[in-house]
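**Q** The lines below spell out each chain.
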Amino acid sequence: MDIPYTTQLREDTNLYNAKVGIWLFLASEVMLFGALFSSYILLRVGAPPGTFPHGLLNIPIGTFNTAVLITSSITVVMAWASLKMGNFGKFKLFQAITLLCALGFLTIKTFEYRDKFIHYEVWKNDGTRMTGHIEGNPWFWDTQTLKTKNLPAITFSPDAHHYAEPRTHGAGAKGEHGGHGAAVQIPAADIKRLSAFVPAHSTYFGIYFTLTALHALHVLGGAIVIGYLWGPGAKMWKTDPERFTNRIEVSGLFWHFVDLVWIFLFPVLYLL
Amino acid sequence: MSDTHSHDHIAKHVRVYITVFVALLVGTVVTVGMYYVHLESVALTVAIAVFIATVKASLVAGFFMHLVSEKKSIYTVLAVTAFFFAGLMAITIWAMHDFPDNTADTQQPLPGAAAAAPAPHVP
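Same order as they appear, the protein sequences are chains A and B. To convert a position in the first sequence, counted from 1, into my numbering, add 2. Residue 36 in my numbering is what sits at position 47 of the second sequence, and the numbering runs on without skipping anything.
Just so you know, the hints here were simulated from the structure itself, not pulled from any lab data. Mixed in with the good hints there might be a few duds.
Quick list of in silico lysine-lysine cross-link-like pairs, DSS-like style, CA-CA up to 27 Å [unchecked claim]:
1. K92(A) / K61(B)
2. K151(A) / K194(A)
3. K61(B) / K94(A)
Taking beta-carbon pairs under 10 Å as the criterion, some of the chain A residues facing chain B (in silico) [said to hold, decoys possible]:
4. K21
5. A37
6. T73
7. L213
8. L216
9. L219
10. L222
11. V263
12. L274
None of the values given here were measured: they were computed from a predicted structure. Note that beta-carbon positions come from the ideal geometry of N, C-alpha and C, so glycine has one too.
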């Protein structure tokens, strides 16, 4: 049985069906990310002074990843335009660049996550707090780890600056790479709380990982679809070029939406 | 964008896509540049950053997603979406004036609980 309206326009919508479908899906996505953005606003505005981290993300890396996604957005639309002009070779080239951008974005994001998993905050019993790295860069340690491993002390390289302290705006552009003080021994008995920069650290990292991981899943999902249409799915170009071009347009609409979400995520999470 | 295009029509669009691409890169540079320019007003900093992001998002939606020349049925779907999204944000802003009094930091201690030590804040 043939699927109706894959290329032919419906009389009532004046569109092929897949286009209506993707826009309805994107409408639901707007509400999904909208709910999380509103959560971010409430968490940020409701945070007591000094408790909402700021300047802990690497801005040059985030800027580069933004440029990577923007580049992938134009290659997606150029791939579609190439098919409209009947140039299948150019389509393959542009979508190959899109896939490389998607892979690059996810790789960079993975390294950013790894940086957070080995970066710690220590709350001491005397009320002082410091951020930095534990010797050996272990992943995911917390207060309980000190007891489980029966550690008498940790060797800690504190950051030069704690996020709760005021400083000249823009001075933290390199995030956690802003330099370390000399390593110090902190007895476990002096540590009230230890946490890596994971969701359990604070509401900031809770919403940061929720938003960016959900976005990264969208990048992955979009890349899988684009990869399929670039590889095995591309044979449809020979049998039904118009339907194939529509498939590329629909996958492109999703990809642009993923780019659009990042355009808001980047300033909100990295800069403000 | 309509679903029937001439070769020349698409070629004209390609030039627009490249212009939008450059504008998006410039917008990104301006957004990051704002971070290094210290503005006294936090509200102004947030407003400028959100404004630039909105302009960039409009360029992507308008030209890359072809919304500048789409069909009425898609505009209808998006109008409904915009209504509910605006409602969601309105409720969020409304709630911002409501919840601080209910946090542990600002609540008055209950009668008879005056001797209890305040719980340490965990962010």
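**Q** Determine for every hint whether it applies to the structure shown.
**A** Against the structure, the hints:
1. K92(A) / K61(B): violated, 32 Å
2. K151(A) / K194(A): holds, 16 Å
3. K61(B) / K94(A): Violated. K61(B) to K94(A) sits at ~32 Å, over the 27 Å cutoff.
4. K21: holds, 8 Å
5. A37: Check passed: Cβ of A37(A) comes within 7 Å of chain B, closer than 10 Å.
6. T73: Where the cut-off is 10 Å and the nearest Cβ of chain B is about 8 Å from T73(A), the hint holds.
7. L213: violated, 14 Å
8. L216: violated, 17 Å
9. L219: violated, 20 Å
10. L222: violated, 20 Å
11. V263: holds, 9 Å
12. L274: Hint on L274(A): holds, closest Cβ of chain B at ~6 Å, below 10 Å.
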